[in-house]
Every structure is written in C-alpha cells, then in structure tokens.
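> Got chain A sorted already, so can you dock chain B with the ligands onto it with the hints?
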Amino acid sequence: MRTLAVELRKEKRTGVIPVLLAVGILGAGYAFLNFIVRKDTLLGLPLAPMDVLLTQLYGMITILNMFGIVVAACMIYNMEFKGTAIKRMYLLPVSVPGMYLCKFLILLTLFFAAVALQNLALVRIGMTDLPQGAFEMGTLMKFAGYSFLTAMPVLSFMVLISSRFENMWVPLGIGVAGFLSGMALANSNLNLLMIHPFLIMLKPAVAMSAQPDKMVAIAAFIETLAFLGAGLWMAKNLRYE
Amino acid sequence: MDYIITTEGLTKKYKTFISVNDCSLHIRKGTIYGFLGPNGAGKSTTMKMLLGLTAPTKGRFTIDGRRFPEDRLAILKEIGSFIESPSFYANLTGRENLDIIRRILGLPKDSVDDALELVGLTEFGNRLAKKYSLGMKQRLGLAGALLGRPPILILDEPTNGLDPSGIHEIRILIKSLPGLYNCTIMISSHMLSEVELMADDIGILNHGRLLFEGTLDDLRQNTRKAGMSADHKLIENQLEDVFLAMIEQDNAARKQRAKL
Ligand SMILES: Nc1ncnc2c1ncn2[C@@H]1O[C@H](COP(=O)(O)OP(=O)(O)OP(=O)(O)O)[C@@H](O)[C@H]1O
Ligand SMILES: [Mg+2]
Numbered sequence: 001m002r003t004l005a006v007e008l009r010k011e012k013r014t015g016v017i018p019v020l021l022a023v024g025i026l027g028a029g030y031a032f033l034n035f036i037v038r039k040d041t042l043l044g045l046p047l048a049p050m051d052v053l054l055t056q057l058y059g060m061i062t063i064l065n066m067f068g069i070v071v072a073a074c075m076i077y078n079m080e081f082k083g084t085a086i087k088r089m090y091l092l093p094v095s096v097p098g099m100y101l102c103k104f105l106i107l108l109t110l111f112f113a114a115v116a117l118q119n120l121a122l123v124r125i126g127m128t129d130l131p132q133g134a135f136e137m138g139t140l141m142k143f144a145g146y147s148f149l150t151a152m153p154v155l156s157f158m159v160l161i162s163s164r165f166e167n168m169w170v171p172l173g174i175g176v177a178g179f180l181s182g183m184a185l186a187n188s189n190l191n192l193l194m195i196h197p198f199l200i201m202l203k204p205a206v207a208m209s210a211q212p213d214k215m216v217a218i219a220a221f222i223e224t225l226a227f228l229g230a231g232l233w234m235a236k237n238l239r240y241e
Numbered sequence: 001m002d003y004i005i006t007t008e009g010l011t012k013k014y015k016t017f018i019s020v021n022d023c024s025l026h027i028r029k030g031t032i033y034g035f036l037g038p039n040g041a042g043k044s045t046t047m048k049m050l051l052g053l054t055a056p057t058k059g060r061f062t063i064d065g066r067r068f069p070e071d072r073l074a075i076l077k078e079i080g081s082f083i084e085s086p087s088f089y090a091n092l093t094g095r096e097n098l099d100i101i102r103r104i105l106g107l108p109k110d111s112v113d114d115a116l117e118l119v120g121l122t123e124f125g126n127r128l129a130k131k132y133s134l135g136m137k138q139r140l141g142l143a144g145a146l147l148g149r150p151p152i153l154i155l156d157e158p159t160n161g162l163d164p165s166g167i168h169e170i171r172i173l174i175k176s177l178p179g180l181y182n183c184t185i186m187i188s189s190h191m192l193s194e195v196e197l198m199a200d201d202i203g204i205l206n207h208g209r210l211l212f213e214g215t216l217d218d219l220r221q222n223t224r225k226a227g228m229s230a231d232h233k234l235i236e237n238q239l240e241d242v243f244l245a246m247i248e249q250d251n252a253a254r255k256q257r258a259k260l
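Note that the protein sequences, when read in sequence, are chains A and B. Under our numbering, residues 1 to 241 are what the first sequence spells out, in order. Under our numbering, residues 1 to 260 are what the second sequence spells out, in order.
Worth flagging that the hints you see were computed from the coordinates, not collected in a lab. Please note that the accuracy of each hint is not assured.
[Said to hold, decoys possible] Listed below are the simulated DSS-like cross-link pairs for lysine-lysine, each with C-alpha atoms no more than 30 Å apart in a straight line:
1. B/K29 - A/K82
2. A/K236 - B/K175
3. B/K259 - A/K82
4. B/K255 - A/K82
5. B/K77 - A/K82
6. A/K12 - B/K130
7. B/K259 - A/K12
Fair warning: this is a prediction, and the values are worked out from it, not measured in the lab.
If we strip away everything but chain A, and leave its shape as in the complex, we get (with noise of 0.2 Å):
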C-alpha cells in the first residue's frame, strides 16, 4: 500500500495521469461528434444498430487509446530513469518488484477510467440515438470489458518494455512498430499472430459484430499474465547497473 502511494506521488508533472484522461475526454468525443456528423450515415448501413455503435466507433477509440497506453507506459518508466532516480530506489527498502506491479496497477486503472468515459458517451449515445428500444445496456458492458480485456496485453508488454529501456525512444519506437505492425496484420485471421498484443487490441475494433470472440479473450488474457509476470521476474533478477 506505501508502495502504491509512494508510486503516486511520484507521477507528479511527469503527465502520466493528464494522457489517459485525455485519451477517455477525446475517445468520448470523438464518439459524440461522429453521431452528430455521420448519424443518418452510419444507422444506414446495413448492420444491427448495437453493432453499428460498437463497431464503427472502435476503429478510431482503439487506435488512441493504444497511443495512450504506450505513451503513457514509456512516460512512468522515464521518470525513473532521467536523473537515474531508480538508483536511489535500488539504495532504500523498497521492493523493485513491488514498484513494478504498482506502475502496472496505475496504468491500469487510469486506463480503466479512460475506458469508462469512452464508454459512458456510447451509452449516452444509444439511449439517444439509436432507434427507439435498440440499445442493449448488456451487449455494451460485455463489449467494453472485452475490449478493456483485449488492450491489456499492449498495456502488460509495454510496461515490460518500458522498464527494461534507459532510453525513451527504444519504448516509443518498439510502441509505434508494434502498432503499425498490427494495423498491417489486424484482418489476418492466422490464430499464431494473436501472440502479437497489438493484433488482439485491434480485433475489436476490426470485428463487424459486437459478439466478443472467446479465443481472443482467452489469448488476451494468457498474454497479459505472461508479460506481467516476466516483467516481475525481470525486475526481481536483472538489475540496472
């Protein structure tokens, strides 16, 4: 618990917090805006009107909250590497591991929050402009947890990432390959490539329906522990010389 507030107070100017709001604040509004502009549009195609809500926002959300994350993941990490403050963490009774699961933990419920905001326009937007009795309060909730559960793996491997790299460019640079790698493989239906976190991040958002695909939730899940839990092992065992 000292770790988590210790953890927190450190974020301080570092932008960490701002980032995911913002990235809920602009999800959400680009969201809204998009029903304002496109309604007629968008309710003409030819799809279910809780899939056309889930679907043909998520491209975009998804896209920002992936930069989001990887932003904000190289940012908590930088901080302790600019003035080498993580030496002195090394020299006090704390427990680099400890540290670790801390980021992770913050990163994830800001990025909860984020999610929830985005998710609170879709729900403000169906009850008003969807048909009459069309929006369904259960398909929303099962899609934006699966969604929320299909980011995490970017979000578990670019913390691992970021905590292994002094330098905040090899992060950002590893971020952005990453996801125009996924951008470039997110309609490959070849079941080897969900091993790349960004590629199942994007299935929501590529997917035509608002049905979660159990094989991904499951590989989603499976990543995020793994890349978590190597990325514990790392800091217990490789240290920062």
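For chain B with the ligands alone, coordinates are given in the frame of chain A:
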C-alpha cells in the same frame, strides 16, 4: 574490536577484468572510515557491493551482523547512502524527492526539514531538482543519505563538484555527525589530505587491492619507518606524498609482474 562492517576476500570480476581483488575491510563502529584510492581503484564498486547494487564474484561481508541478499531490506533500512553521481526524480522538487525517501523509510514528516537544514538546502527545497546546480544536486544526494539520521552512512565522494567553501562545510558536517548522533561513516575520496581531516581509520585501495588499512597514526608510523623525516610538521605535509608513493610503488610492482 567492535566492527560494524567487515568484508572477507571481497572480489568483483567484470568479464575478464578484476575491479576489486580480495579486499578485506574492517570498519569500527562509531568511527569515520576514509576509503582512498585513485580513479578506477574500485572504491565505488566495493561500496556498490556493500549496498547490494551488484553481487560479489567471491568473498563475503557482514553489515551489523547481517548479510545480503537475505537481509536486504533490513540492511538498507539502516544505511544512508550516496553512490557516484546523485540520483533524483527530475520531475520533483528537492523537498518532494526527500519526501519520497521519507515515506519509503516510514520516517516522521519533520525529518525532511532536518535533512535540508543539515546540508544547507532549506531555501531551495521547493525548486525542481533538475533545475539544481551541480553542487545543489550533490547536497540533495547527501540530504537523502542523511534523512532520518541512519546509523550507517556510505558516502562515495560526497564533496565532488562542490566549491571550496562547500567542501569545507560538508567536511565539517560529516566530521560532526558521529558526535551529533551515534553513527558510522564510510567515505571515499581521491585525496588523503581531505580524508585525514575527517577520518579515524583509512583504507587505501589501488587496482582493486587493499594496500593499507589502519589508523592515521599507523600510516604516520609507517612513514617514519620508511625513513622519511621524523619532524611531525613535515610528515603532515608528506602524508599525501606517502599515499602517492604507495600507489606508485604498487603500480611499478604490477608493471614488473606484467613483464615477467
Ligand atoms: N559495470 C561495469 N562493467 C565493467 N567494468 C566496470 C563496471 N563498473 C566498474 N567497472 C570498472 O571497475 C573499475 C573500478 O571502478 P570504480 O568505479 O569502482 O572505481 P573508483 O575507485 O570508484 O574510481 P573513481 O575514483 O574514478 O570514482 C574501473 O576500471 C571500471 O572501469
Ligand atoms: Mg567512484
């Protein structure tokens, strides 16, 4: 004798290069131990091993009867340390930086002011650490080490980058600490002339090997035996020369061995 830190045959090898070689130190409780050596002698490496930053290749050590890695948290709770260049969060002020350390150590709030006061940073406490001058960063590092007045201090060249009056001030501060509260200090330096003003005991390191360990008086005795002037005043001036001569002699011996 009551030693608080002892090392036995401490050795650190980096790939093919031996940084610290079979080093056995004995640091008495409640004293100031000056750790001397030229650049690259292995002072920082030794201190890093004592703090668990890097694992020894061979040998062992105890700190207040405890060992790494089992007692890592307990050992680090007792040691205030400062290794090489000062480390800090660039996005936080000096005071906030100390507050992070204070929270981790579970100390009362006023310990931050106490530490700032000790190193003379009180009026700059609210400035961002990245905006500090080199000397101020050094003082911040020192304040972090002194926070909560820990029973053991390990300071690696704490006066690096300070102006002459700053060096004088910090030297007086360090010298006063064992009297102020009961603590043991290990301090590294390149200059015997600096260390002899503070230290009770000294250890001289060259190329990872301990050339001498003992009190300053022992060193003076050695000097006399070595046939240098018996005049006390002269010896004071020559102590630095003795140190340099010792290093030079060792280096020459090494070259000799390397040739064979
Ligand atoms: N991580 C490392 N990998 C390889 N060699 C290292 C490493 N760290 C230190 N060394 C080497 O070990 C030797 C001792 O270094 P150390 O920093 O302990 O010297 P020092 O006595 O503190 O010197 P200075 O007075 O310049 O600070 C040096 O030759 C250095 O190059
Ligand atoms: Mg050094």
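> Evaluate each hint against the coordinates.
Hints versus structure:
no.: 1; hint: B/K29 - A/K82; in the structure: 36 Å, violated
no.: 2; hint: A/K236 - B/K175; in the structure: 37 Å, violated
no.: 3; hint: B/K259 - A/K82; in the structure: 45 Å, violated
no.: 4; hint: B/K255 - A/K82; in the structure: 41 Å, violated
no.: 5; hint: B/K77 - A/K82; in the structure: 24 Å, holds
no.: 6; hint: A/K12 - B/K130; in the structure: 14 Å, holds
no.: 7; hint: B/K259 - A/K12; in the structure: 58 Å, violated
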